[in-house]
Amino acid sequence: MSARDTVLGKIRASMGNPASNDERRKAVMGRLADTPTGIIPGRAQLPQAGQVELFCTMAEQFGATLARVSDYGEVAGEVSGYLRARNLPAAIRMGADKRLKSAGWETEKNLELRHGPSDGGDLAGVSHATAGIAETGTVAMMSGQDNPTTINFLPEHHIVVIKAADIKGDMESVWSMVREKQGKGEMPRALNLITGPSRSGDIEQTILLGAHGPRALHVIVVE
Amino acid sequence: MELTANKFKANASKALIDAQLQKALGNVEKGFIGKRQKAADALPEFDALRDNARDIKNHTLAHLDLYLEEYERKVTAAGGHVHWAETAEDARRIVLDICRKANARTVTKGKSMITEEIALNDHLSANGIEPVETDLGEYIIQLRGEHPSHIIAPAVHLNKEQVEGDFRRVHTHLAKDRDLTEPVSLLSEAREVLRQRYFAADVGITGANFLIAETGTSVIVTNEGNGDLTQTLGKVHVVVASIEKIVPTLEDTSQILRVLARSATGQDMSVYTTFSTGPKREEDPDGPDEYHVVLLDNGRSAMLGTEYQDMLRCIRCGACMNHCPVYHAVGGHAYGSVYPGPMGAVLTPSLNGIDETGQLPNASTFCGRCEAVCPMRIPLPKMMRHWREREFERNLTPAVARYGLKAWAFFAKRPKLYRMAASLGMPLLSMFGGTSRRFHSLPFAGGWTRYRDLPAPEGRTFQQAWAQREALKQETEQ
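Here the protein sequences line up with chains A and B, keeping their order.
Here our numbering is used: position 190 in the first sequence is 190, and no number is missing along the way.
Here our numbering is used: position 299 in the second sequence is 522, and no number is missing along the way.
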């Protein structure tokens, strides 16, 4: 008997070997098909403009810095300003996301643009978020060529661009967006929910920012 | 690790006089209790979410075999591999095989209690593969050759001076006169040292907070980002997870996530919640070439359908130990098992048998705080009581306690005699209480009074006090 059959057999034996699995299977397949929504906190049940405000407040509360620009053309200027203000080299790493490509880089002549996944040598990376969650100030990032996962974790400064219209109230709304993009029951290889810069409390329970991931998270909301 | 659960009393005695440990344990209260309360208070739906989280897990456990099958189907469809492991030994063998096939010399590891449970590091080391822990706390204790003393804060038993000593001892390639007095400099040093290890590792091993049946996804919840670097940069990603980590859907995961971080660290969300589904895809520029899940039973299937089934709802947040007065006093190592604190006192006997672990369910004052804060509403004191009953039935309880209980039962079953003995004894004990109204030493109870005193009885028995209270109540009602 395979290990699989042994383990499943032991589970069924502990349950008193349910004779008919039809009812149980119906319950399982029903839940997987219906994906019932549970309790959604009232905190983020707001009109969209209110959700954007709450997203900004929460993101800052959890240690991100924030900028709001009126269109994609202003993103490059904001990125340059961020790097200058922190005395960082004028270089960024980013993926192939079309929205990032047309973010006004031509006006930032001194800014070096590196494309593709990060190899660990970048101080700053720029990604585009799939969605934002107002409830907790969280950004949702999907893996792929557009926004390689390594950019979320290797650079010391992670700059995330997000469209205000993609900011939703709760996590459950993000699942609806993911299902629209990927199909029901399907996920991208990696989906990262990120809330603030990396941190550790492992030494004397003192919270320190900048553990193994980015030391800083800067969110640019495009209205 | 070697199981020394039945040396709890001796371990605890040592812990109580360990000044370094006692200083470090002061951080548990500072680090966790107030923060959890604040986060819970800020979410009006918190308690309703706890109920829902409990119901979701109960539903899942009642259909566990079917959800596991669905989960396996989805992982396979996404190009991943599922390996079933009945025992810890099976799981170790499977992981070693995967590492060997990948010609691995070093593996990086995200923080995972399940790999502690199966003693994976020792097994890999013994077979010539170097495991590198990357979570800061895990890294520190690996340098010290220790085991985690807390399930989410593995190095909570240490002070920063001890960590500095370890870094100076091991990181000999760095300047001797560097300043490491502040925790932030220790963190930076660990970051620099470990950065190189992620890129050098052939395999990345993580645990999982959840396995989602709907999508075949494994989820890790972390703050440092080390788990993500571990699983993204290795050529092979191995997830080791036990069978009860299954949840049905993304929505169900969201419900439990809302209570997890709040109960653990008092955060609304941990910094990184990562959903991984299969290996690198055609269009992916990064991610692992192979994705494996090792599904471990190791005694859990036998807990289903028993009075210990509720324990399988546990999401390993650590709230029970954070709020446990016994844990506060002695720390996690005294429990002598992988899982310390109240959740360990219930789980360890289930996994290792009560013969070897009988002292653990007794290491509780039954104050009930663990159950009061458990996000999954696991009745921990009740289950510890079940274990005590099992222990008693099997004659494993120490003789003094057994005879004491028998003597008490003799009186308790004879109410007249009980009342007589009590009304004779109470005034006598009250007299011995002296002017301070407290006992500072008692015959046969030196183990108790050495570290604390005890209020002396006030002269009346409980039943006398109760009768008077009831009489008074009737008077006022009339």
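Among the hints, erroneous ones may be present.
Just a few of them, taken from the derived set where beta-carbon distance is under 8 angstroms, the chain B residues facing chain A [what the hints assert, rightly or not]:
1) N382
2) E530
3) R600
Sample of chain B residues lacking proximity to chain A, with all beta carbon distances greater than 10 angstroms (derived) [to be verified]:
4) L272
5) H370
6) R414
7) D425
8) K503
9) S524
10) G657
11) A690
Treat the hints as calculated values from the structure; they're not laboratory data.
Where a beta carbon is used, it is the ideal one built from N, C-alpha and C, also for glycine.
Hint check:
Nearest Cβ of chain A to the Cβ of N382/B: about 6 angstroms, under the 8 angstroms cut. The hint holds. At a threshold of 8 angstroms, the smallest CB-CB gap from E530/B to chain A is about 13 angstroms, leaving the interface hint violated. Checking R600/B against chain A by beta carbon gives a least distance of about 15 angstroms; that is not within 8 angstroms, so the hint is violated. With 10 angstroms as the threshold on Cβ separation, the claim that L272/B sits away from chain A is violated: the shortest Cβ distance comes to roughly 5 angstroms.
Annotated as non-interface, H370/B keeps its C-beta farther than 10 angstroms from every C-beta of chain A; the closest such distance is 15 angstroms. Here R414/B does not stay apart from chain A, with its beta-carbon only about 6 angstroms from theirs, under the 10 angstroms limit. Even its closest Cβ contact with chain A, about 17 angstroms, leaves D425/B beyond 10 angstroms, as expected for a residue assigned away from the interface. With a minimum CB-CB distance of about 6 angstroms to chain A, K503/B fails to clear the 10 angstroms threshold, and the non-interface call is violated.
With a closest Cβ-Cβ approach of about 4 angstroms to chain A, S524/B is found to fall inside the 10 angstroms limit, against its non-interface label. No Cβ of chain A comes within 10 angstroms of the Cβ of G657/B; the nearest lies about 41 angstroms off, and the non-interface call holds. Residue-level check passed: A690/B sits 47 angstroms from the nearest beta carbon of chain A, beyond 10 angstroms.
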